[in-house]
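Q: Sequences listed follow chains A and B, in order. Under full-length UniProt numbering, the letters of the first sequence match residues 1 to 111, in that order. Under full-length UniProt numbering, the letters of the second sequence match residues 1 to 185, in that order.
To be clear, the hints were calculated from the coordinates, so they are not data collected in a lab. Wrong hints could be hidden among the right ones.
Pairs of lysine-lysine, DSBU-like flavour, derived with a Cα cap of 30 Å [what the hints assert, rightly or not]:
1. LYS63(B) to LYS32(A)
2. LYS75(B) to LYS63(B)
3. LYS14(B) to LYS56(A)
4. LYS122(B) to LYS32(A)
5. LYS33(A) to LYS157(B)
6. LYS33(A) to LYS63(B)
7. LYS33(A) to LYS16(B)
8. LYS22(A) to LYS63(B)
9. LYS75(B) to LYS32(A)
10. LYS33(A) to LYS74(B)
11. LYS75(B) to LYS9(A)
12. LYS14(B) to LYS75(B)
13. LYS122(B) to LYS9(A)
14. LYS9(A) to LYS74(B)
15. LYS20(B) to LYS63(B)
16. LYS33(A) to LYS24(B)
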Amino acid sequence: MSVRSQLLKGVLDGCVLSIIEKETVYGYELSKKLQEAGLDDVSEGTIYPVLLRLQKNGYIRGDMRPSESGPNRKYYSLTDEGRAALNELAVEWERIAEPVTSLMKRGNKND
Amino acid sequence: MISSKQLISENNEKRKLLNKENEKYYGDLLLYIRLQMRLSEQQSEELLMELLDHLIEGQSEGKTAQQIFGDNPKKYADEIISELPNERPGHIFSFIAYLAFNLISWLLIIRGAVTFVFSFFKHVDETVYIVKSGLSTILFIVSIGAIIWYLFFLVRKTLFNERSSKRKDAIKAGWLVQDFSLSIF
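Sequences are here, hints too, so could you generate the full structure?
A: Listed below in structure tokens is the structure:
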């Protein structure tokens, strides 16, 4: 497993929750939005185990209903629990991301 | 909510839209997940439908199943299976009990017919020995269960192999017939 995919594994749940918080999406849309956000090397299929896990934890809900274009699709929306979990995750992420970013900054080592 | 039976028949229709390679990849994934009898049927079928929809959309953009789900379908399927919820124990029990009683009733019908025909030609002892018949019925049910388990085991072993063989296809065909007959009930 590459360094990148190991790092991503820990934060993918948060990324997926963030997208679902903005709007209800179905699987294919979700993978498209991850790619548009710049995570274009995440294999599309990896979202499905993540979605199942988030459902099991009660963070999101999946409802099968007809889509605008016709066929039934499973749309995911955030639950109250999911919103709380995402808030906590976002705070924790900031507390990690800022110090790590400044620690790992290259080029100005002689400051 | 769309019932699992509806999802299965919709899945059968939609699978025809896949090209040969994607059909093979997805077909193995589908059988492997459906063979896990302890999983919630509803949740499994909903997930299989999502994967199929995703693959069909991806295919229209020129993507392959490998690109979407990864190079290791077995590993991917195991990951999914570990996250899928289990079927309610009551549901599993009633399903097995249903099959067992079905089997017993057929057994009794056949036995009755045979005894009836034979009674024209010679005297048939119609005494029923509870313990003996009970034991042989249990033995019969258990051995049928073992055969089914072995068939599942065989099919599971043939999945995700690069080479396709006649034997494998025959076993799969057998399974699909069974799948079909199960969905009729």
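Q: Broken hints, numbered, in rising order?
A: Numbers 4, 5, 13 - these are the hints that the structure violates, sorted from lowest upward.
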